[in-house]
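Q: Quick note, the sequences are listed as chains A and B, same order. Residue numbers 2 to 275, in my numbering, belong to the letters of the first sequence in order. Residue numbers 2 to 275, in my numbering, belong to the letters of the second sequence in order.
Hints in this document: simulated from the structure, not taken from any laboratory. Take the hints with a grain of salt, since some may be wrong.
For identical chains, the list gives no copy identity; a pair is met inside one copy or between any two copies.
PhoX-like mimics (lysine-lysine), calculated; alpha carbons at most 20 Å apart, straight line [unchecked claim]:
(1) Lys198 - Lys242
(2) Lys3 - Lys199
(3) Lys106 - Lys135
(4) Lys17 - Lys99
There are 2 protein chains.
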Amino acid sequence: MKVIVADNAGFCFGVKRAIALTREVVKRKQTVYSLGPLIHNPQVVEALQKEGVKVINTIDGIKEGVVVIRSHGVPPQMVRKAREKGLEVVDATCPFVKETQNFVKMLSDEDYRVVIVGDNNHPEVKGLLGYAKKAVVINSVDEAKKIRGRKIGVVSQTTQSTSKLINVVDELLKKVEELRIFNTICSATVERQKSAKKLAKDVDVMIVVGGYNSSNTRRLYDICKTICSCCYHIERAEEVKKEWFKGCKVVGITAGASTPDYVIEEVRETLENM
Amino acid sequence: MKVIVADNAGFCFGVKRAIALTREVVKRKQTVYSLGPLIHNPQVVEALQKEGVKVINTIDGIKEGVVVIRSHGVPPQMVRKAREKGLEVVDATCPFVKETQNFVKMLSDEDYRVVIVGDNNHPEVKGLLGYAKKAVVINSVDEAKKIRGRKIGVVSQTTQSTSKLINVVDELLKKVEELRIFNTICSATVERQKSAKKLAKDVDVMIVVGGYNSSNTRRLYDICKTICSCCYHIERAEEVKKEWFKGCKVVGITAGASTPDYVIEEVRETLENM
Chain A
2 MKVIVADNAG FCFGVKRAIA LTREVVKRKQ TVYSLGPLIH NPQVVEALQK
52 EGVKVINTID GIKEGVVVIR SHGVPPQMVR KAREKGLEVV DATCPFVKET
102 QNFVKMLSDE DYRVVIVGDN NHPEVKGLLG YAKKAVVINS VDEAKKIRGR
152 KIGVVSQTTQ STSKLINVVD ELLKKVEELR IFNTICSATV ERQKSAKKLA
202 KDVDVMIVVG GYNSSNTRRL YDICKTICSC CYHIERAEEV KKEWFKGCKV
252 VGITAGASTP DYVIEEVRET LENM
Chain B
2 MKVIVADNAG FCFGVKRAIA LTREVVKRKQ TVYSLGPLIH NPQVVEALQK
52 EGVKVINTID GIKEGVVVIR SHGVPPQMVR KAREKGLEVV DATCPFVKET
102 QNFVKMLSDE DYRVVIVGDN NHPEVKGLLG YAKKAVVINS VDEAKKIRGR
152 KIGVVSQTTQ STSKLINVVD ELLKKVEELR IFNTICSATV ERQKSAKKLA
202 KDVDVMIVVG GYNSSNTRRL YDICKTICSC CYHIERAEEV KKEWFKGCKV
252 VGITAGASTP DYVIEEVRET LENM
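Okay, chain A solo, but in the shape it has when bound:
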């Protein structure tokens, strides 16, 4: 069975940066807190915990130490609160998410009705919401149909698919006078989606590797599923099942932006040894 890994797969710039920043703080031997999981990969988060990083959901009760802001960002109110408490804050927000936060603030300041295309429950979106006086999150064309407004500003969660953004924009464009869109889907997302799409066409089975809580990994799975009917989302090599590959000649692997190389390698080896 031939195994092909997608041209663009695994760790993106923002994830690498967040991990490096956190490890720098760990080196300083201070108490390190991560406000929510640093990235959406349980294996990496577990490794960081072993190195001493404590994952917390609130800074209530924290009196000293360094608070690392997760790669997905948090609402600005949380950062302010940490600083007011005298805690050191290390901002590991992905620079592309940071840019999106700035766009949301600017649109809100300029009185646009802010629309965030994304998932209401995702930490990145929760963070973005903190930058607008008022914003609405939409995740489908049907939700876009309900939006009213003369002057609408749109950003996207950085890990959404371009096609969803386009569909939402098409709907909004029918009824507003001004539509100001920042296409904030990051290049890592676009590249990984393109490579996955390309590879999925040429394989019998497609394996998508990454955290079950990772938005960009789930999107990769959604995309591959529409192209290759035998498509599986796993977090680790141990989850691979022999029966998935009956009659399979070529298997493709892609991985989300928060999936470490060693996990991809383990999956590759497991498949090659089958």
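With chain A held as given, fit chain B onto it using these hints.
A: Relative to chain A, chain B alone:
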């Protein structure tokens, strides 16, 4: 044969206003010049000429009198030149076109790459171009594919179809960071297109009445043609041909925004007397 006129057809607000403004000047018994045809309807332009309005293409050689700016607008340089020559200028530019001109100027001043969705040869578009330091006109998705830029501002010729604007926006959205769109397709255009679409579904033959040089009329014809295979574009009742209606039980009429009521009525009578 049953004859049905579309709910929204014929003269729009901007056209009525342009004709009224011109006739007010005529009443003052001054020499009246129209810089290009006031509206895209030869019958109306001819009637105005009989009332004393002279259609000119340039103000070179004009020394006195009143210059009326056509409903489609002109580049601001032309207005300035007329004023510098001491000519009185009456601006009959449609207020919706005026608004589009202001958006083009604002986008250009704010360093957007200005994209005008429309027809390069149409006077409205030629006028709009005068409001930008630099702008590009695109009329199809293929042309949109060639556009590059980080920060793009889009307006539409007021008489384009929403579907074309959406298709162009979809293409641009794939590759720019910021896309700021003013949906300047006017409500008269949208309403006439909607009504025509609705009517075309229920008739055997569809007659579109309006100037051959009228962009919005041509768009109505394009739209009706996709729905009703027996579709004809005429300027006047005399052009109606008996052979178009063999076996026809219901005929629909729509008319562009520059088609006077009396022309629509003549077409209706001609059809009813068949």
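Q: Quick one: Lys106 to Lys135, C-alpha cut-off 20 Å, is that within a copy, between copies, both, or neither?
A: within (10 Å within a copy, 29 Å between copies)
Q: Using 20 Å as the alpha-carbon threshold, which applies to Lys3 and Lys199: within, between, both, or neither?
A: Cα proximity of Lys3 and Lys199: one copy only (16 Å, versus 56 Å across).
Q: From the Cα coordinates, with 20 Å as the cut-off, is the pair Lys198 and Lys242 best called within, between, both, or neither?
A: neither (23 Å within a copy, 55 Å between copies)
Q: From the Cα coordinates, with 20 Å as the cut-off, is the pair Lys17 and Lys99 best called within, between, both, or neither?
A: within (16 Å within a copy, 51 Å between copies)
Checked against the numbered hints above, the structure breaks only hint 1 and satisfies the rest.
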